[in-house]
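> Line order of the protein sequences matches chains A and B. Throughout the first sequence, residue numbering follows the working numbering, covering 5 to 858 in sequence. Throughout the second sequence, residue numbering follows the working numbering, covering 1126 to 1249 in sequence.
Everything labelled a hint here was simulated from the structure, so no lab data went into it. The beta-carbon is built from N, C-alpha and C at its ideal position, and this holds for glycine as well. Be aware that a few hints might be false.
Unchecked claim - Which stretches of chain B does chain A cover? Using the computed rule of at least three CB atoms under 8 Å from a CB of chain A, they are:
hint, region
1, 1137-1150
2, 1191-1204
Said to hold, decoys possible - Heads up, simulated DSBU-like pairs for lysine-lysine below, C-alpha to C-alpha not over 30 Å straight-line:
hint, chain 1, residue 1, chain 2, residue 2
3, A, LYS767, A, LYS596
4, A, LYS645, B, LYS1193
5, A, LYS84, A, LYS41
6, B, LYS1239, B, LYS1167
7, B, LYS1167, A, LYS645
8, A, LYS462, A, LYS645
9, A, LYS691, B, LYS1239
10, A, LYS137, A, LYS41
11, A, LYS462, A, LYS526
Each chain is listed here by its residues.
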Amino acid sequence: MRNSIAIKLVLGLGLFLALFFAAAGMSFWQAEAVDKKTEAIVQVLLPKTNLAYEMEINSNKTKIWMLEYIENPSPVLRAKNVATSSQFERYTREYLRLANADEIANVSTVLDEMSIELISKSATLMNQADAKKSLSESLDQDFRALDRLALIDISSQMELRKSYGLDKLPLLQIMQTEIAEINSEMGAYLRSPNLSSRDEISSHSKEFYESISRFNGMAVTAEEAQRAESLEAMFRTTEISVTQLLDLKDSLDENLAAFLDQLVELDGILRKQVIIPVHLQMADARDAVHSIDAQTNRVTLTLLIVGIGLVFGGTLMVFSRISHPVNKLVEASNKVTAGDLSARVEVISNDEIGLLGAAFNEMVANREQAESALVLSEEQQRRLADENAVNATIGRIVNSSLHLDDVYDAFTQEVRTVVRFDWLAISILDRELEHQRIDYVSEQLVPYLRRGTSLGLKGSFVGAVVEHRACLVETFDDQDAIEGKYLTVSPIAQAGFHSILGVPLFSRDRVIGALVFASAEKIPYSESETAVARNVAEQVAGAIANAQIYAERQEAQTELLRAHDELENRVLERTLELEKTRDIAEEATRAKSQFLATMSHELRTPLNAVIGYSELLIDEATEANNTASIPDLERIIASGKHLLTLVNDILDLARVEAGKMDLFIEEFSISSVVEEVRVVSETLISKNRNKLTVDCPANIGSMQTDQVKIRQMLFNLLSNAGKFTEHGKISMRVDREAIDGVDSVIFTVADTGIGMTPAVAKKLFQPFTQADSSTVRKYGGSGLGLSLCRSFSHMMGGTITLHTTLGMGSTFVISLPATIDGPELDLPNTSGAADEVPDSISSVAEEIKQRIQV
Amino acid sequence: MSKLLLIEDNEMNRDMLTRRLERKGYEISIAVDGKDGVMKAKADNPDLILMDMSLPNIDGWEATRIIKGSQETRHIPVIALTSHAMAGDRERALEVGCDEYDTKPIDFFRLLTKIENLLPKKAA
Chain A
5 MRNSIAIKLV LGLGLFLALF FAAAGMSFWQ AEAVDKKTEA IVQVLLPKTN LAYEMEINSN
65 KTKIWMLEYI ENPSPVLRAK NVATSSQFER YTREYLRLAN ADEIANVSTV LDEMSIELIS
125 KSATLMNQAD AKKSLSESLD QDFRALDRLA LIDISSQMEL RKSYGLDKLP LLQIMQTEIA
185 EINSEMGAYL RSPNLSSRDE ISSHSKEFYE SISRFNGMAV TAEEAQRAES LEAMFRTTEI
245 SVTQLLDLKD SLDENLAAFL DQLVELDGIL RKQVIIPVHL QMADARDAVH SIDAQTNRVT
305 LTLLIVGIGL VFGGTLMVFS RISHPVNKLV EASNKVTAGD LSARVEVISN DEIGLLGAAF
365 NEMVANREQA ESALVLSEEQ QRRLADENAV NATIGRIVNS SLHLDDVYDA FTQEVRTVVR
425 FDWLAISILD RELEHQRIDY VSEQLVPYLR RGTSLGLKGS FVGAVVEHRA CLVETFDDQD
485 AIEGKYLTVS PIAQAGFHSI LGVPLFSRDR VIGALVFASA EKIPYSESET AVARNVAEQV
545 AGAIANAQIY AERQEAQTEL LRAHDELENR VLERTLELEK TRDIAEEATR AKSQFLATMS
605 HELRTPLNAV IGYSELLIDE ATEANNTASI PDLERIIASG KHLLTLVNDI LDLARVEAGK
665 MDLFIEEFSI SSVVEEVRVV SETLISKNRN KLTVDCPANI GSMQTDQVKI RQMLFNLLSN
725 AGKFTEHGKI SMRVDREAID GVDSVIFTVA DTGIGMTPAV AKKLFQPFTQ ADSSTVRKYG
785 GSGLGLSLCR SFSHMMGGTI TLHTTLGMGS TFVISLPATI DGPELDLPNT SGAADEVPDS
845 ISSVAEEIKQ RIQV
Chain B
1126 MSKLLLIEDN EMNRDMLTRR LERKGYEISI AVDGKDGVMK AKADNPDLIL MDMSLPNIDG
1186 WEATRIIKGS QETRHIPVIA LTSHAMAGDR ERALEVGCDE YDTKPIDFFR LLTKIENLLP
1246 KKAA
């Protein structure tokens, strides 16, 4: 069976998978072991550890509470003590449940005994403590009774002093001291027992007895004797009680010591048998888990290294067994593609690659045979194909560029494959056919005949070609053979060429030049070579003709451009001059407007006072009944107000021209503005007995623009109409329609007044213009109102127009866009409509600007 | 009798307006600049203030802002008087807290109407 690549790959993959599963199994098994250990820790060791600590704590509690109880017995403490001692038993049982066999063997008996003993000892101790407490309490009372009996109180002492006589009193005092001494000695002994204090107690008792017998001996009355007796009897019982208490105390101390010893012993057992072993087991378990962990890490690392090794090995194998032979095969097939049919590959293995190599070798061998058979017939066809191809290529080259040098270079390159030559020259003739210029040489091989050289045509080789209008072939052994025939050939012959071919270049049946091929071989150019050369020459001739025409046109165009540039420069110069003039003029206009604005403001302040005080004077005159001065005052007021109107209009106009008039854009209802204007202008209009009609559709809607200026314009137009109309009709109409696609509102104010001639109408919008100066006298007004109307309507992006006939009234039409976007709309001089005449103030700038634009 | 505070720096305007308003039965107190005006607004507790906007020391805009910003004086109505009649003056005046706005030269009867509209309605 063949050693197939597939089998090799399968084997490699199998090995890799086996290793992988081995590693996975190992990890799984290790994880299992870790799990078990962990479980043991969680289930047994942790509770055991906790329990051991609980037991230790419990033993401490037992000790502390017992000591406390002995100091100061109380039911609460007793309950606590009982609880701790019995708790210990429960802990023991719990521990034995968790412990292993060895541990049970070691500690079960000890702990059991201990726990039982603890309970009983604890009970004994507590009982003794109780007894001690009650005994010491009763003793306390005894001592107090003795005290009372021995010396009742100071007053009875004084009585006694009188009745007993002075000598008995110190005795009683001594007895009392003894009682106190015994009491305090006893207290000291109870706090810290030692033999000397016990001895002292008995010595004091002895002294007491002596004192009492002396007292007895000194007793005079029966009462005294009885008192001494009862003292003695009482002291005797007390003495017994003291001894009992001291004995009880000693026994209690003994038991307590034994109890504490046992607790210490218990602590020792706990530490040695329980806590330390549990700790060790815990540490063991932890170590085991860690070691398993480390082992797993080692195994994983080893497997990783082996895996990497396998991958490297596999790659190496693939490279040496597959890539390398395949590369060889590709190399060989590239060679074959490049034409080297001798290429073969070495067959080393018997797998698929080996088979491929063998098949390749066989195929190349077959092809080699077939190719060699083809070569001969191809040789013949190729020449023909080459010629056609070259012709086509040359045609493409010739049409691809208008630069003759590019054409010549490419042409030389191509023609070399079909016409034999070592040097090639192209000569171009002048129109008179007197001179030729060498336009191109393939190499600078021939002296005198270089690129750009001009020669006479007559007597030259090219001259002969031109004359024949046909190809000319010459061959020469040495320069002598040709010397006399053509003037130009001798340098060619001197340069070492032995045959030449001249081909005429025709354009529209006219010879415009010639191609000259020269060869170092002494073989004359054949008929077929000449035919090929003639064909390519046709194309070159076409290119030369085209290039000549192109060059002529180019020259003409350059001339034209130069003239154009000059013209433009002159225009630019002129424009700059004009712009400068315009800037100066505009600056002057601005300065003038600024001056006017300031002046108007200054004028208004005193006017204010003139009008105000005149009005005040009228009020006062009316009150004082001094009516004579009132008409004069009214004239002052009227003149002042007229002057104020003039000043206001000038101020507005100056602002417009200084570019300082801003628009305040807001949305407002059109009909309410119209109504306001109507109300305000009604008195003005009725003054000349005119009738006002207002036609404003209810659904006219709203505008978004400067309503104050609209109000001012409408009021202006209405007041003009009222001024120039008597007994007539004045109408105000509002329409809304789209003008050039813009939603517009059109205000029309018409009157049936005096009207005006076209000449007057034309000048009407200029400032300070009324129809003629006599009208000023007759009608008043500033003459600035219409000029302002025009400026405002332009600011708001609209127009104002006038239709009038002398004697037939006038109609003013303001057309405004319903909405304007921003406050920056143009000054009047950039949006002037064609039917209007520029302001006189800005007319200089305007005119210059227009001239520049034209 | 309503008490008006007139804040005006021009002596003639002040005199004329004071006399005309007094004739109409108002009690007038006077301040000659913005600072004086703010102080008098607090001290005199007027029923209404007529405020010229171009004043020395503190201008009328600032003075109005102070008066309208103070707890004691913010209830007093203020009528702004400007001599500029510039677009936007009215909005600016209302923005700083003025209750009304009028332009100079003053149309006396128009001003009277505005004053009467703003004065607190007295019990009949």
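> Could you run down the list of hints and mark each one as holding or not?
A quick look at each hint next to the structure:
1. 1137-1150: holds (count 7)
2. 1191-1204: violated (count 0)
3. LYS767(A) x LYS596(A): Distance of about 22 Å is within 30 Å: holds.
4. LYS645(A) x LYS1193(B): violated, 35 Å
5. LYS84(A) x LYS41(A): Roughly 39 Å separates the two Cα atoms, so the pair is violated.
6. LYS1239(B) x LYS1167(B): Cα-Cα ~23 Å, so holds.
7. LYS1167(B) x LYS645(A): Since the Cα atoms of LYS1167(B) and LYS645(A) sit roughly 37 Å apart, the hinted pair is violated (cutoff 30 Å).
8. LYS462(A) x LYS645(A): violated, 106 Å
9. LYS691(A) x LYS1239(B): holds, 27 Å
10. LYS137(A) x LYS41(A): violated, 56 Å
11. LYS462(A) x LYS526(A): holds, 26 Å
In this structure, the earlier hints numbered 2, 4, 5, 7, 8, 10 are contradicted, and the remaining ones agree with it.
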